[in-house]
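Undergrad: Guided by the hints, dock chain H onto chain P, whose structure is given.
Chains as they are written, first to last, in my numbering: chain P, 1 to 289; chain H, 1001 to 1326.
One or more of the hints may lead you astray.
[To be verified] Computed cross-link-like contacts, SDA-like style, restricted to lysine to any residue with a CA-CA straight-line distance of at most 20 angstroms:
1) P:Lys-142 / H:Glu-1279
2) P:Lys-18 / H:Gly-1214
3) P:Lys-18 / H:Glu-1279
4) P:Lys-189 / P:Gly-175
5) P:Lys-189 / H:Leu-1035
6) P:Lys-18 / H:Glu-1219
[As the list claims (entries may be wrong)] Short derived list, chain P residues pointing at chain H, Cβ under 10 angstroms:
7) Met-36
8) Gly-70
9) Val-96
10) Gly-98
11) Phe-230
12) Trp-262
[To be verified] Here are a few chain H residues that face chain P, going by a calculated C-beta distance under 10 angstroms:
13) Thr-1106
14) Ala-1131
15) Leu-1188
16) Pro-1189
Hint data in this document are derived by calculation from the structure and do not stem from the laboratory.
Here a beta-carbon is modelled for each residue, glycine too, at the ideal position from N, C-alpha and C.
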Amino acid sequence: MTTPSQFQPTARRHAWRKFTSGAMAGLMLVCAVAVMAPIFLVLFFLVREGASSLDWSFFTQLPKPSGELGGGMANAIVGTFTLLAMAAAIGVPVGVMGGVYLAEYGSDRANSWIRFTADVLNGVPSIVWGMVVYGLLVVPFKTFSAYAGGVALGFMMIPLVMRTTEEVLVLVPQGYREAALALGIPRWKTITVIVVRTALKGIVTGILIAMARVAGETAPLLFTALGNNFWSHRLSEPISALPLQIFTYATSAYDDWHRQAWAGALVLMGMILSLNILVRVLSRDRSFK
Amino acid sequence: MAAPSVSTSPHSAIRSTLPAGVRWPDISFRWLALLAAVTILVLIALVGWELYQGSRLAIGHFGPRFLVNSTWNPVTDEYGAWPFIFGTLVSSLIALVIAVPLGVATALYLTELAPVRLRQPVVMIVEMLAAVPSVIFGLWGIFVLIPWLRDHLFVWLKETLGFLPLFRGTIYGVSMLAAGIIVAIMILPIITSVSREILRSVPNLQREAAYALGATHWEVMRIAVLSYARRGLFGAAVLGLGRALGETMAVTMVIGNRPDISASLFAPGYTLASVIANEFTEATTDLYLSSLFELGLVLVAVTIVVNVVAQLMLRSLAGSGTGKVR
Chain P
1 MTTPSQFQPT ARRHAWRKFT SGAMAGLMLV CAVAVMAPIF LVLFFLVREG ASSLDWSFFT
61 QLPKPSGELG GGMANAIVGT FTLLAMAAAI GVPVGVMGGV YLAEYGSDRA NSWIRFTADV
121 LNGVPSIVWG MVVYGLLVVP FKTFSAYAGG VALGFMMIPL VMRTTEEVLV LVPQGYREAA
181 LALGIPRWKT ITVIVVRTAL KGIVTGILIA MARVAGETAP LLFTALGNNF WSHRLSEPIS
241 ALPLQIFTYA TSAYDDWHRQ AWAGALVLMG MILSLNILVR VLSRDRSFK
Chain H
1001 MAAPSVSTSP HSAIRSTLPA GVRWPDISFR WLALLAAVTI LVLIALVGWE LYQGSRLAIG
1061 HFGPRFLVNS TWNPVTDEYG AWPFIFGTLV SSLIALVIAV PLGVATALYL TELAPVRLRQ
1121 PVVMIVEMLA AVPSVIFGLW GIFVLIPWLR DHLFVWLKET LGFLPLFRGT IYGVSMLAAG
1181 IIVAIMILPI ITSVSREILR SVPNLQREAA YALGATHWEV MRIAVLSYAR RGLFGAAVLG
1241 LGRALGETMA VTMVIGNRPD ISASLFAPGY TLASVIANEF TEATTDLYLS SLFELGLVLV
1301 AVTIVVNVVA QLMLRSLAGS GTGKVR
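With the rest of the complex left out, here is chain H:
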């Protein structure tokens, strides 16, 4: 899988010292390569342009009210994004609450505790999870996870934590919580592998110093490793959030697809990505389609901001190098 690399390129010396060539094959090859590289910038501009074009009608019609309006009614042709923004945020937050502790703990286990022979196989197994397509998680979610959640975990949660509004109400199976759990499973690999990279970049000097003071394994991890790597781990979590926000197929298949806002996590919900997936080809009016485009614009704006933040956090960390000792 394409785990974002934490290191920056140390490569500048290579480029600058070599002649680029002056004859036409050299020059045309270089231009061809430049053209390919610039495609990246064209692509991101294209994303912005197409989504803006598509949503212009809705933007003009509803204005900024679109974001906070919670009515989504194709019959009366009135559209608001709030239920989907709410659903996206809630399901992603549930996913993070589950996946971040699990992922970081696994990364800690892998870097600090696991026998060296075991590390590579465990990493491979976790990476295999990243290879599973979203739609297969969805299929598995519908026929395996949801029935189990509905009959066991949700019932148990309702009995033990039912005093909280979060765990009240009718249990359908398809729900915000089910979506959060599926997304948690899907972002576990990226959180684990990025956290592992971060923890591995903690200098051994940190650990040795703590051990020398007589710290136990856990104290070393807590004082010397975790606190040192705090910012990078936060970056890993933000990266996971970026993935969670845009998860489409599996979420669509287990969240229940109802644009309701409910305090209960057992209630069905809807997310930005899943309403687009479900209703795009059924959009009967121009305004309907345009509103879906605007949801896409909201989704892409949020994910790009989240990804930029994550990249900056992970990058500044790599940039500051190993000399950073606090």
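Okay, chain P solo, but in the shape it has when bound:
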């Protein structure tokens, strides 16, 4: 490999090295553009195909039987919000309290195990949560239900919220805690009123990110919430959700349903992007990051 010519910088060799460097830089730019391209392609088609099928009845009407034109996804939109509320009711308290424990209490060793397990749980495929909750709630109660769907999404939220909460709590300066304790404020009050309060924006950001993540999940709902074409009056009944409805319609054979799937996808994407924009706004002037 070490031929003598390598040690004798010639003009030609120099030019070649310059050229290689430039070419690789160009190649990387091309790669970066290629990585950025899909989001624009997805958004472009969502808007093009979805906007034309989006009308008032989409938000106000129930799905029509196959073959009949029209109808909407009102029940699925309400269903998505219902499921998200239930997921948050489980994921937020457990996740935030767990994050508090990891940041404020415990031992290094035990906490790093919990942290590690949380990271591994974040990598568990979402469809698995559907199966787990099916075994946990659907089989014993003999019915698919909104509860089951909410629990599946809630379980997914717990490790996400826990990790982000811990990460922002750690950023709160130690002096704040010491100052509070020096004033004789009990530890639990120090944590809730001083530490969590200081990091609240970051915690809320983490919660919103987790909600945006589970809002688009379909797989865990397939055999928990199941979906239906009507209004769900009780949480112990199956409930529809936008991603479920999009999946059903997209894989159907009817053009009108495909049209509605695009409209549903546009609405879902709009919801998720709004959540993400909210996150950006919130985290823009975060004092601890």
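TA: For chain H alone, kept in the frame of chain P given last:
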């Protein structure tokens, strides 16, 4: 998005020096927090337990043969996992082959070359990709990507690389390759963002030393940056693999859902996650349902192993700190 953090907590000093409190509100608050934290361990145990419970029947009935049997026939009630394991591996490998070079190159561009003003917007755009739900990728895959692949890219591949068995056979559109491409797009954000973190953690001293020797931009990246960050980048790829293995909805919508094993990437396939998604609510017999549970168990075992490996690689890297100079 929740990119796994590369840094470990430097926080131990805070915990150990503060009194935990002895009065009952303090004690009960602490127990409540502990309970919440322990939920994580309960959850992972629950995953293992429920999947094992569900698949006991199939495990008892088929034994280890289940993993290598390639028959999946609900009519005769005979089930084997091999076509799905094969499909999962192949589609994930295609995704990695596409996404890792693209993601690492983008990360390199962002850390080493891009004008500083451009970096944040590019990172934001890439992260937006991570926000797109799987089912929307699937919808887009069915109606935009697949027709284009079928009419253009696949035809071109068949003409130019048709001498390889990989690119022979009938082009349906829905295929292993289409699934791999969709999954590649979906794991690009995580590979890019983790790679970027890794590359940013390469000490500037490395770069400066190489520049001082008269290296060009590319030589600096190759000799000083990439070789230094090799292990972390491998970790990023493994993390991407973990995500790819479990991708469900988009794959289900574009892979064709046929439990066949074919050398051609144009042929339809099936993956562990997508067969569960498709057939779970249609499983008519107990053994059928139990076999699907066992597929879930296989899937979760593989993804957990892959994720543990990825976390260990990324973590040991962060643990070794910046003092590591080779």
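Undergrad: All the hints need checking, so say for each whether the structure fits it.
TA: These are the hints, each one checked on the structure:
no.	hint	in the structure
1	P:Lys-142 / H:Glu-1279	holds (19 angstroms)
2	P:Lys-18 / H:Gly-1214	holds (11 angstroms)
3	P:Lys-18 / H:Glu-1279	violated (57 angstroms)
4	P:Lys-189 / P:Gly-175	holds (15 angstroms)
5	P:Lys-189 / H:Leu-1035	holds (18 angstroms)
6	P:Lys-18 / H:Glu-1219	holds (10 angstroms)
7	Met-36	holds (5 angstroms)
8	Gly-70	violated (20 angstroms)
9	Val-96	holds (8 angstroms)
10	Gly-98	holds (4 angstroms)
11	Phe-230	violated (18 angstroms)
12	Trp-262	holds (7 angstroms)
13	Thr-1106	holds (4 angstroms)
14	Ala-1131	holds (5 angstroms)
15	Leu-1188	holds (5 angstroms)
16	Pro-1189	holds (8 angstroms)
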